[in-house]
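K.L.:
Since chain Y is already given, all that's left is putting chains D and V on it; use the hints.
Chains as they are written, first to last, in this note's numbering: chain Y, 36 to 410; chain D, 147 to 434; chain V, 192 to 260.
It is worth saying that the hints were derived from the structure and are not from the lab.
Just so we're clear, the structure is a prediction, and the values are computed from it rather than from any experiment.
Wrong hints could be hidden among the right ones.
[Claimed, not checked] One side only, chain Y facing chain D, incomplete, derived with CB under 8 Å:
(1) Phe59
(2) Gln88
(3) Ile93
(4) Ala98
(5) Ala102
(6) Lys108
(7) Glu123
(8) Thr223
(9) Phe252
(10) Lys257
(11) Ser259
(12) Thr261
(13) Pro271
(14) Ala272
(15) Pro276
(16) Leu302
[As the list claims (entries may be wrong)] DMTMM-like mimics (lysine to aspartate or glutamate), calculated; alpha carbons at most 20 Å apart, straight line:
(17) D:Lys164 x Y:Glu401
(18) Y:Lys335 x Y:Glu401
(19) Y:Lys81 x D:Glu421
(20) D:Lys160 x Y:Asp361
(21) Y:Lys335 x Y:Asp295
(22) Y:Lys232 x D:Glu421
(23) D:Lys412 x D:Asp344
(24) D:Lys396 x D:Glu409
In this text, a Cβ means the ideal position worked out from N, Cα and C, and glycines have one as well.
Residue strings, one per chain:
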Amino acid sequence: MSEEFFIQGNEACARGAIKAGCRFFAGYPITPSTEIAEDLSRLLPKNGGSFIQMEDEISAIGAIIGASWSGLKAMTSTSGPGFSLMQENLGYAQITETPLVIVNVQRGGPSTGQPTMAAQGDLMQVRWGSHGDYEPIALSPSSVQEFFDFTIEAFNLSEKYRVPVVLLADEVIGHMREKIVIDDNIETIKRTAPTEKGEDFLPYKALENGVSKMPAFGDGYKLSITGLTHDERGYPATSNPQDHQKLVKRLCNKILENRDEIARVKLEQWEDADVILISYGSSVRSVIEATFKAREEGIKVGYMKIDTPWPMPEKEVLEVSKIANDLIVVEMNLGQMVHEVERIAKNNANTHLIGKIGGELPNPDEILSKIKELV
Amino acid sequence: MDSEINSKENPSLKYLRKDRLPHIFCGGCGNGIILNSFFKGMESAEMDFDNIAMVSGIGCSSRIPGYVKCDSLHTTHGRSLAFATGLKTGNPDLDVVVFTGDGDAAAIGGNHLIHAARRNINLTVICINNNIYGMTGGQISPTSPKGSFGSTAPYGAQDAPFKLAELVTAAGASYVARWTTVNPVQLSNAIKKGLKTDGFSFIEVISQCPTYFGRKNKLRTPVDMIRYFKDSTVVKRKADKMTDEELLGKIIIGEFANNNRGEFTKGICNLSIEECGKPTYKKSAYKL
Amino acid sequence: MIKINPNLCKGCDLCIESCPKQVYTKSKVSNTKGVYLPNPENEDECIKCHLCELMCPDQATYVEDEKND
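Next up, chain Y with everything else stripped away, as it sits in the complex (with noise of 0.2 Å):
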């Protein structure tokens, strides 16, 4: 059985979180956000849930990574200037190894910038925002539809991985307003407890995949959880190289050695394509027009979707740079995921951009003729 709903994007988001299994959200109001926090403030009294608006949004990600450790799947929401104040404690999460969805609905900046319009400035930011070595996950949506699959998906990849996610949406995905189809049968990943009892369990011992089990506080483990580097029991372990080492390459490698598994691209007409455009979030909406307007001029062009800029589907990036002549990377911003293609495509392609600001979508002529001045 399904539903069909003309909602918008944010409104997508706060159903896909219930659906997810997300009882907890904590935030602070924010412009184009908002309207996610308002949402589950109505929604989550309803399915069980708690809603806490904070005083910041530095105490917001505190609170969900509080609720996290309860034994709850939790998510706050914001846009750039609360994303830019969550950065130490997302690095926190990081190194806690605590699940976790952030959703950053992206406006113009630096700083206040413009709140009500849209921009994909945050990309680099998602990468290397907080201090120090980590491997980020992040879904972009394209449309109202994704913006719910997207939620569902990143709670899904935060509890596999034991990883905060970040849900990098943009003002025009999040006030847009479309049809959406949602499903009776959502598939989740359960968060999964240890099968061991007691002090002897180690809460930062990884098995197979680079990850532990992870119990709730309350559960008789006596966890000792802490931002400082640490050893398998979670005590601090500052002062040896070799801890160090081992736990950021573990942090970093559980990501990296599962690229292929996180990593989700859509790719169209491409196997004969002379240029291909790449893209994320709402840019892709201009990238398709603009590759069916090319092809019915008869020039072969054909795109790729990249779902999860980070970690960025490299192999795939790789594969598409060896075959068409010429990349264009099309992102609202003045050249973040180029650097990406540009670093992987070496010189396979040659790698150009088209990238706006401004708050408008890529207008997809604009796209095409730069697509002629190509071949």
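P.N.:
What follows is chains D and V alone, placed relative to chain Y:
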């Protein structure tokens, strides 16, 4: 160690992770006294030790939970109350205790402090106020007395300090008290009351940092510092009748608030009962 | 019986200072860790108030109550 020797030990040791001792605190630091007082208060409140979860931020006092054999969350600087708010709301059955310091709670975490008190969430906060940043080497804090010396106040602190117990009382906490490390019995009694209070409890403990505050302020040894506390404390009832001038340089000890008003997590749970007929989920990440 | 755990004591003298019966004195010589341990020289005076246990920042002191036999 055989059990015979094991049982003949300081009464706090049974609650500690012995494999981590001795702890990192300097000789004569007040943290250990406050930890002892906590266990004494916990025992007299007849709390279930296995149900206690501790949360802390950054600083010397925030290292305390890591030594206690309970679930502990050692978080980022100033944010312990935000993490604790999520933990307690997520599972109100846990007895959540927060250890924090003057820099952690009153400077970088000042906003979270007043908001946690405003919400009146059922947390027991033990704020160890030593008037200095110990872990980073003796910089002045928002509670450093005017004129006191620190490594960032070589000419003496220029600005006025916060009065934390009074601040948190004004913000709406249910239970507030201030004691010093020379009043461990009264302190453990306040901790007992704090643990029993169904609301936000804030116990400020004036404590000694002989290494940094003491050395820079002519109170070189732990003994000098606690003698200074003994000489400077005034009980609140008496202080209420004294003028500001008479109270200059004094430490007011006693209870500042002890009242009952609506507790935060109960409100959230009741809302869930009203809206969907059942209390909020606990540990649902393993089921949903 | 009063015991001081030499592995934990850091020699802060707070037990010496806080004991109402002046049970403790400071050792004349330091141990291998350089700590001048407290010495319960006047143990007969001890009234088992346990204040020294409470005031010991390092959980090093232990005062045994008399057995009721």
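K.L.:
Give a verdict on every hint.
P.N.:
These are the hints, each one checked on the structure:
1. Phe59: 6 Å, holds
2. Gln88: Hint violated; Gln88 (chain Y) Cβ to chain D Cβ min 10 Å, cut 8 Å.
3. Ile93: 6 Å, holds
4. Ala98: At about 3 Å, which falls below the 8 Å cut-off, the nearest Cβ of chain D leaves the hint on Ala98 (chain Y) intact, so it holds.
5. Ala102: With a closest approach of 4 Å, the Ala102 (chain Y) hint holds.
6. Lys108: 5 Å, holds
7. Glu123: 6 Å, holds
8. Thr223: Interface hint status for Thr223 (chain Y): holds (6 Å vs cutoff 8 Å).
9. Phe252: Holds: closest Cβ of chain D sits about 4 Å from Phe252 (chain Y), inside 8 Å.
10. Lys257: Lys257 (chain Y) check passes; min Cβ-Cβ to chain D is 5 Å, inside 8 Å.
11. Ser259: 5 Å, holds
12. Thr261: 4 Å, holds
13. Pro271: 7 Å, holds
14. Ala272: 11 Å, violated
15. Pro276: 20 Å, violated
16. Leu302: 34 Å, violated
17. D:Lys164 x Y:Glu401: Judged against 20 Å, a Cα distance of about 68 Å means the pair is violated.
18. Y:Lys335 x Y:Glu401: 17 Å, holds
19. Y:Lys81 x D:Glu421: 5 Å, holds
20. D:Lys160 x Y:Asp361: 68 Å, violated
21. Y:Lys335 x Y:Asp295: 28 Å, violated
22. Y:Lys232 x D:Glu421: 36 Å, violated
23. D:Lys412 x D:Asp344: Holds, at roughly 10 Å.
24. D:Lys396 x D:Glu409: Violated: Lys396 (chain D) and Glu409 (chain D) sit about 33 Å apart, past 20 Å.
The structure fails to meet hints 2, 14, 15, 16, 17, 20, 21, 22 and 24 from the earlier list, while all remaining hints are met.
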